[in-house]
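One-letter residues, chain by chain:
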Amino acid sequence: MFRRYPRAIGNVVGCLMWSLTLVACGNPNINALDPTNGPRRTLVRVDGDTVFATARWDAGTASEVAVPGAFLGASMFSVPGAAGNGAHTVQLERNGRRGTTATFTVTDPVPFGAPRLDRVSLGGTEFQAGNMVSSWLLVQGANVDVGAEVLVDGVVVPTAAVKALRNDLFGVAPATLGNPLYHHLALIAAPGPRAAGSVINVTIRNLDGMVSNARAYTLPADAASLDSDGDDIPDEWERNGFDANGDGTIDVDLPALGADPFRPDMLLEVDIMQGLTNPPGVAVFQAMQTAFAAAPYINLASSDGINVIIDTTGTVPFWQTIDMTGADNPAGGFANFYTLKTANFNNANRGRLYYYCIWANARPNGSSGLSDPSQNPAGTDFNGPGDDCIVSFDDFGAAFQTARSGAETLMHELGHDFQQRHGGATHFQRNPTYNSVMSYNWQLRSGQSNATRVARPVCVPFYYGQTGAVETGGAPPAMVGTVIDYSDGMGATLTENALNEPNGVCNNVAVDWNGNGNSTDAAASADINGDGDTTDMWTDFANWASLVFGGPRLNGANGN
Amino acid sequence: MLAIVRAPRSAVHIVLLAMSIIPIGCRTQEPAVRQVENLDEVLAAVPDAAMRERWRTAQAEGRLPPLESLRLPTQTVSLRQRATVPATDQQPTTVRVPQGAVADVRAIANPPIANYDGTVTLDSVDQERIVARLPDGAQAGRVEVAYRLPQGATLAPPTRQPVSLLFSESIASGSQRRIVGFSQERAPLLWRISDGDSKPYARTFAAAQLSVRQNAPGSDGVSTVTISYGGRSITLRPGERNRARDARGEIEFFLETSYYTPAASVELAEGDPYHVRLIAWRVQAQAK
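As they're listed, the protein sequences go chains A and B. So for the first sequence, the working numbering puts the first residue at 3; every next one is plus one. So for the second sequence, the working numbering puts the first residue at 29; every next one is plus one.
A portion of the hints provided could be inaccurate.
Said to hold, decoys possible - Have a look at the derived ranges for each label pair, beta carbon to beta carbon:
1. A:Ala-177 <-> B:Asp-145: 25 to 35 Å
2. B:Pro-140 <-> A:Thr-107: 49 to 59 Å
3. A:Ala-453 <-> B:Val-159: 40 to 50 Å
4. B:Asp-145 <-> A:Val-472: 48 to 58 Å
5. B:Thr-187 <-> A:Gly-475: 37 to 47 Å
6. A:Ala-175 <-> B:Thr-147: 46 to 56 Å
7. A:Ala-457 <-> B:Leu-150: 33 to 43 Å
8. A:Val-472 <-> B:Pro-185: 48 to 58 Å
9. A:Asn-247 <-> B:Val-159: 54 to 64 Å
10. A:Pro-319 <-> B:Gln-155: 40 to 50 Å
Said to hold, decoys possible - From the structure, some residues in chain A lie toward chain B, with a derived Cβ separation under 10 Å:
11. Asp-36
12. Val-164
13. Tyr-219
14. Pro-222
15. Ala-225
16. Asn-363
17. Gly-371
18. Ser-373
19. Ile-392
20. Phe-398
21. Ala-405
22. Gln-445
23. Tyr-466
24. Thr-469
25. Asp-490
26. Phe-551
Honestly, the hints are just simulated from the structure, not real lab data. Every residue, glycine too, gets a C-beta built ideally from N, C-alpha and C.
So here's chain A without its partners, still in its complex pose:
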C-alpha cells in the first residue's frame, strides 16, 4: 500500500508554474552566492536559475570541476576541500548551456572534523507485499558536505542533499571551540525495500572520506504505527486526529492544532496556579515555542524545528508548595503534583499525547522546577523520558521575575522530559562548556549577581547571541537579549588540570579558573565540580541530537 498524501492546491499550482517556466528559461544564471567568501567546505547557497543545473567550480579554467549540488539542482554546494585560497569562478550548466558567473573567495582553513549524524526520519513510505517497507530516509547531520553519501548497514545507498541550515557562531573563533558546526545538512537516501520493523544502521561519509557516528534506526512496522518525523505520534493521528478510546470520535483534533506528520510536534498543557504574584506572560511561552521552532531539525517540506502546541488555558488552585513525591499536607500548604494532575488534566484523552506542567508557587526545596525523570527510583540515571514538569519560582527575587527566566526554566524542565541532563553527559549542574539551558550556569543566569556570573563562566557570545559579547566584571552587556536554546555540542573540552585562563571557555574571553585574582595563567588547575580533585574533563553535549521523545506514551518515568 502506497500512502499518497493529499496535495494542497497551492502545490499543484506551484508544480505547474515550475514545470512550464522551464520551457521558457534559457541559460542558467547565477544572481548571487551566499556567502561569497569562506574557508574550504563552506556550504554555499546559489541564488539563481539552479533547477536541473550543475555548479562548475573554477569554471572556464583547466581545473574546472562539477561539484555536487542538491536534489533537483545546484541550489547549494560545498566549497571543494582541495580549493586554494583566493578567488574562484562559479558557473551553472544545464543541458550544455551556461549562464553568468559568480566569484567565491576561499579564505584560510578552519577546523572541520568528521560529520556528525544527528537524526534519521522519513520523507515518504510505501508498505509492500511480504511485510516489506520502502522509505525515503531523511538523514540529517552537522558539517555534512553537499555530496556526502549515506551508508545503510555499511553500504552506500542512493543519496542526494536536500536542505541545509547554516549555523551562526556569533563571531566565536572556530579554533576556540571543540567541535565548531558550520551547518546542518539533510540528505535523502533510498535504502531499498527492507523487512518492516527491521533495524538499520546508518552513517554518513563526507567527501573527504570521514565517516560519522552511526545511528540505529527502526523502520516502520506498519501503516498504523508509521511515525515519519519521529515525535512518537503516528502519522495517522497527525493526519486524522486522535481517538483516545477507539469509539470513533476524535478526542484530540491534531490537524486542527497544526500537527504535521513530517515535522516533530510536542503537545504541552501548562496549568497556571491561581493567585501567583508573578504569573507567566505570553512572552514566556512564545519564547519557548520559538526556541523549539529554531531547533536544528531539518524537515523536508515543512518548516524546520519542532512545533510546540501549547495549551495554557487551565489553572490549578493555589498551594504554597508542590512536589512529585510526598503526601498532601494542607496544614503545611503542600500538595502532591499528581493530586493536582489527576484533578485538572484530562488524562483519558490527552495522556498519550501531552506533556503536562504546573506553573506553581514554589517547591519544598526552593528549586525553580522539576520534571519526572529526576524522580527515577533507581537513583543512578534517568531511566526514560518524562512527561511532567513543575515550574516554581514565584517567590524568587525580582531579578528573576522575567520572561527570560520563565522561558529558560520551562525549557530546562522540558529538557529533562526529553531525557537531557544538567551536565550533558553527566548530572553535574555547572558544566561551563555546556552551552545549554540545561546547565545551571545558563538557566536563570540573567537574574544572578555579577559575582555569581563571574564564578560560573559560559561561552558569552552564545548566551547572548551577540558577536563580541562579554560580561565585564560579570555585568551583562547592555540591552542585549539572551538566547533560549539547548546545546548543539560545540563547546571546547576543559581539563581541570590543564586550563588555559586566557582562552577561557570560548573565543579567548579570559577566565580566572584558579581564583588567584588574574586570568593570565596558561596552565591553571581548578576543581570545577568541587569533588576534591582536578582530574575531571568537561565537554559539551549535543542536546538537540539527543532528545528522546515518547514521555507521554510512557506516562513519564513515574508512570503517571
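Using the hints, position chain B against chain A.
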C-alpha cells in the same frame, strides 16, 4: 529534460492552470513545495558517476520508493535563527504574599542586595508588611518584607530596642536560598528561612540564639526539624507549630516543609537536596 505537466484533475485545477500560465517568464518566484516527477530531476546536480549509477540501478530494480511521495522545499538553505528574549522586562518593584499562602515571608530590597547583617530602622510594621531602612553607607537602602503567619497568628510589635536584620538571598544549586531574620535582644522577632545545603541542613543563627537541624526521615518517610532556642528544643513535622518561652514571652515556630533527599538520589536532584522552610515569630502577648 523537462518535467511532465500533470493533467489537471478538476475544474478548479484547470482554472488554476490558466491563472498560472499568465505570469510565466523566467522563474523568479518559486513555489513553496515541489514534488519530484522523475529521476532526471534528482540527478541533475549529482556529478558523481557512481552515485548516478546507484540511483539508476535502484530505479531499474524497483528499489526506489515512489518519487512522487517526495515533497521538497524550494528554499533549500537558510540560517538558523536562535530564539532570544529581550532584556527589557519590567521587574516587580514591590512584593506581596499570595492570597492562598498558608504562611510566607517575601522580601525585596531596593537597591538590590545579596546579603546584609546589621541593625536597621523600622519605618513601618503592621500585620502584613515590614519596611526596614538600612543605615547610610555602602548598602543604604530599603528592605520591604511582606509576610503572613499561619492561621491568623499575629506578630508582637517590636520594642524600642534596636532591631537587627539578617538578610541573604541567592540561587544555589538551582534553589532559592533566602533568609529574612529580624531580631531584637538576640531573640527572633520575625525569622524566616528557606535555606538548603548539599548535606542535611544544620545551621545556627547567633543573632537570634537559634539553631535549626534537619533530621533523616523516619519510617513514615517524613523528615522532621529540630529547633533549639533559649535552651529548649522543639521538633516539628511539616505543617506543625509549637512555642518556646523566653524571658520576654514566647516565640512560635512553624515548619512549612523539610526536604530530604535519599542519598542514592542526590545526584539527580533538581535543586537543593536538603532544604528547610521555617518561620519563627514573637507571639503577641494575650491581653489579661
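The hints, checked one at a time:
{"no.": "1", "hint": "A:Ala-177 <-> B:Asp-145: 25 to 35 Å", "result": "47 Å, violated"}
{"no.": "2", "hint": "B:Pro-140 <-> A:Thr-107: 49 to 59 Å", "result": "50 Å, holds"}
{"no.": "3", "hint": "A:Ala-453 <-> B:Val-159: 40 to 50 Å", "result": "27 Å, violated"}
{"no.": "4", "hint": "B:Asp-145 <-> A:Val-472: 48 to 58 Å", "result": "33 Å, violated"}
{"no.": "5", "hint": "B:Thr-187 <-> A:Gly-475: 37 to 47 Å", "result": "43 Å, holds"}
{"no.": "6", "hint": "A:Ala-175 <-> B:Thr-147: 46 to 56 Å", "result": "52 Å, holds"}
{"no.": "7", "hint": "A:Ala-457 <-> B:Leu-150: 33 to 43 Å", "result": "34 Å, holds"}
{"no.": "8", "hint": "A:Val-472 <-> B:Pro-185: 48 to 58 Å", "result": "50 Å, holds"}
{"no.": "9", "hint": "A:Asn-247 <-> B:Val-159: 54 to 64 Å", "result": "57 Å, holds"}
{"no.": "10", "hint": "A:Pro-319 <-> B:Gln-155: 40 to 50 Å", "result": "25 Å, violated"}
{"no.": "11", "hint": "Asp-36", "result": "8 Å, holds"}
{"no.": "12", "hint": "Val-164", "result": "6 Å, holds"}
{"no.": "13", "hint": "Tyr-219", "result": "15 Å, violated"}
{"no.": "14", "hint": "Pro-222", "result": "12 Å, violated"}
{"no.": "15", "hint": "Ala-225", "result": "13 Å, violated"}
{"no.": "16", "hint": "Asn-363", "result": "6 Å, holds"}
{"no.": "17", "hint": "Gly-371", "result": "7 Å, holds"}
{"no.": "18", "hint": "Ser-373", "result": "7 Å, holds"}
{"no.": "19", "hint": "Ile-392", "result": "9 Å, holds"}
{"no.": "20", "hint": "Phe-398", "result": "5 Å, holds"}
{"no.": "21", "hint": "Ala-405", "result": "5 Å, holds"}
{"no.": "22", "hint": "Gln-445", "result": "7 Å, holds"}
{"no.": "23", "hint": "Tyr-466", "result": "8 Å, holds"}
{"no.": "24", "hint": "Thr-469", "result": "13 Å, violated"}
{"no.": "25", "hint": "Asp-490", "result": "9 Å, holds"}
{"no.": "26", "hint": "Phe-551", "result": "20 Å, violated"}
Hints 1, 3, 4, 10, 13, 14, 15, 24 and 26 from the list above are not met by this structure, while the remaining hints are.
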